[in-house]
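S.K.: The chain contents come next:
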Amino acid sequence: MGTRVMLAVVARELKANAKAFLVWAVAIALFNVAGVMKFEGIASGDPEAVRKLTDAFPKVALAVMGISDLDMSTFAGYYAVLEFYAGIMAAVYAVALARNAVSREMVDGTYEFLFVRPVTRTRILTAKLVAALVCAVAFVAVNLVSSLLCLGLLWDVPGLSGGSGPNPAAVVWRFNVWLMALLLVFGAIGACASAVCPSPDRGAAIGNASVVVAYGMGVVYDMFSDHEAAVAARVLSPFRYATPADVIAGSVPVPFVALAAGLAVAGFAVAYVAFDRRDLVPR
Amino acid sequence: MESGNRGVSCETPAILTWHLTKRYGKARGIEDVNLNVHEGEIFGFIGPNGAGKSTTIRTLLGLIRRTSGEASIFGLDCDRDRTHILEQVGYLPSEVFYYDGMRARDLLKYAASFYRKDCSARIRELSAKLGLNLDQKVEDMSLGNRKKVGIVQGLMHSPRLIILDEPTSGLDPLVQRAFFDLMLEENRRGATILFSSHILSEVQRICDRVAIIREGRVVAVRSVAEMRRSAVKRVTIGFAESSTAAAAAVRTLEAMPGVRSLNADAIGASASAGSDAQSSGGSDSGSGAGGDRIASGTASASFLYEGDCNALIAALAGLDLADVEIAEPTLEEVFMHYYQPDGDSGELCALDARTAEAQNRGMTENRGAAERPAR
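Residue numbers (the UniProt record's numbering), protein chains in the order written: chain V, 1 to 283; chain F, 1 to 375.
It should be emphasised that the hints constitute simulated quantities derived from the structure, not laboratory data.
Every clue listed holds true.
Result set (DSS-like, lysine-lysine): computed pairs, CA atoms no more than 27 angstroms apart in a straight line:
id, chain 1, residue 1, chain 2, residue 2
1, F, LYS137, V, LYS19
2, F, LYS129, F, LYS109
3, F, LYS109, V, LYS19
Construct all of the structure, not just a fragment, from the sequences and the given hints.
M.R.: Encoded structure:
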């Protein structure tokens with residue numbers, strides 16, 4: 001009976017998540033189509049001119065736009081910038097998913113319906129997080145498929161196929177793995193904040209603040225030419241646990257991947273404990 | 001807090017709380033709530049909004065965590081054995097919120113999926129009884145119909161304990177009647193019912209016993225029948241001339257044990273005198289409600305009396321009265337007495353203790369009151 005109940009909650013939760021998911025999926029797909037297709041324009045121009053253009057920007061501006069250290073004239077460099085923005089969207093979506101999993105029933109008043117059933121809170125939260133995970137995976141899938149489809153349309157663009165550098169499709173895959181990891185880390189942060197804070201608004205605000213801080217620290221990290229000096233900023237920015245260069249090359253920065261895994265595990269663990277102990281009250 | 005009319009048995013109580021306390025940050029929770037609801041009983045839980053009824057219920061259901069004390073249902077701890085308890089509990093919250101876009105049928109199916117039993121027959125039966133259209137979306141329903149959905153989801157698994165938080169708000173009288181019939185039917189089936197309300201008449205209608213909660217504390221537990229029938233009387237007296245005789249009479253009554261909620265009308269001097277007489281063994285004056293107004297030039301006084309009727313008659317015999325009326329107080333009046341916000345809490349506690357004792361001894365122990373007849 002345990003799994004049947006869980007499935008019912010998951011199904012219910014997926015239905016509740018569906019509308020927001022559609023909006024996010026359409027947004028990310030359009031973003032990819034517009035973004036990846038624009039590469040055609042860049043690639044058909046003079047790569048040298050593109051490099052000159054980006055070099056003309058001050059370092060701060062490049063960092064703010066997420067273009068530091070990237071060669072925009074290559075597909076990998078260009079896609080890295082696109083995915084930086086996709087990553088920010090993913091982080092915001094992850095926080096929203098986690099917040100909904102933890103506190104939607106309290107906000108909607110339905111908690112007095114659900115949490116008086118003979119099921120533990122832990123099971124209910126698990127079912128809800130599974131539903132959130134399904135949405136997160138689907139979000140990445142939409143991003144991956146739309147990117148690969150657009151890439152397929154770009155096959156005749158010079159300098160894309162053949163040439164040196166990594167295989168563009170592999171780059172797309174790697175960035176989507178990175179995106180999935182980001183969703184997990186920010187999902188954990190969001191779940192933790194929502195479970196610990198008595199007020200759902202405060203929980204969501206803290207979750208979103210973590211995205212802003214991570215972005216800001218990412219900019220700080222990018223601004224330093226000597227990245228070793230800015231390792232503190234990197235620790236605070238999950239966006240830079242794996243740098244774009246790491247992702248393009250497919251290399252795994254072990255300490256930071258471990259840090260990400262630790263954050264995700266700790267975040268969800270604290271969320272479970274806090275959710276089990278908290279008072280379920282209307283908001 | 002055993003009820004006298006049911007006989008003390010050794011079976012596990014349906015609900016047992018012991019010094020149950022819940023404190024929130026700023027908001028008032030509940031303090032030292034002691035309840036003992038017997039299996040098979042319809043137990044009323046009455047108090048004004050914000051007194052702690054919902055807090056108590058939510059603590060019992062494990063929605064909120066108690067600060068201290070104990071709470072158990074059918075002998076199982078409300079926190080540790082939560083899921084086992086909830087298998088046997090049906091709950092109707094005071095406000096029913098449901099998921100968007102769900103038809104009543106889907107919602108009830110969802111609720112039923114949490115229980116081991118097959119609830120579909122019960123769902124059909126209950127909705128037929130209440131006249132509920134299962135194909136309507138819950139969000140399109142009137143408040144009354146939503147409540148019906150709430151009733152069905154609370155009863156569909158034939159729970160041993162039914163907890164109702166303000167169940168009748170928003171129900172029209174016809175549906176209320178059907179609802180009460182349904183509750184009595186469930187009770188006959190053997191279900192225990194905890195019924196929270198701020199409306200006395202409906203508690204009076206179906207409950208065996210009632211706990212009165214006020215500012216987070218249970219101030220009394222009584223049987224409903226006894227509450228109305230007990231020695232508490234509403235006494236209204238009229239004086240021919242409004243002068244000194246009336247004032248003297250009021251002073252006499254104030255000093256008399258068992259006299260409460262004394263309201264004197266058109267007796268200027270004694271109205272203020274009454275306010276500092278609170279410690280005089282039970283009198284409790286000046287709630288501001290005012291007694292019944294009789295023709296001008298006369299005065300009247302009205303009070304609740306609890307105790308030996310001979311002492312009351314003796315006291316009244318010594319007064320020069322134009323009119324007297326001794327009536328059974330309404331439950332509302334009894335209740336208002338327990339819930340006077342500025343009432344002396346020491347007195348209430350004493351009263352509570354006395355009440356508990358009285359329940360065992362059949363309300364005869366107030367003899368002490370008779371030892372001081374009117375002067």
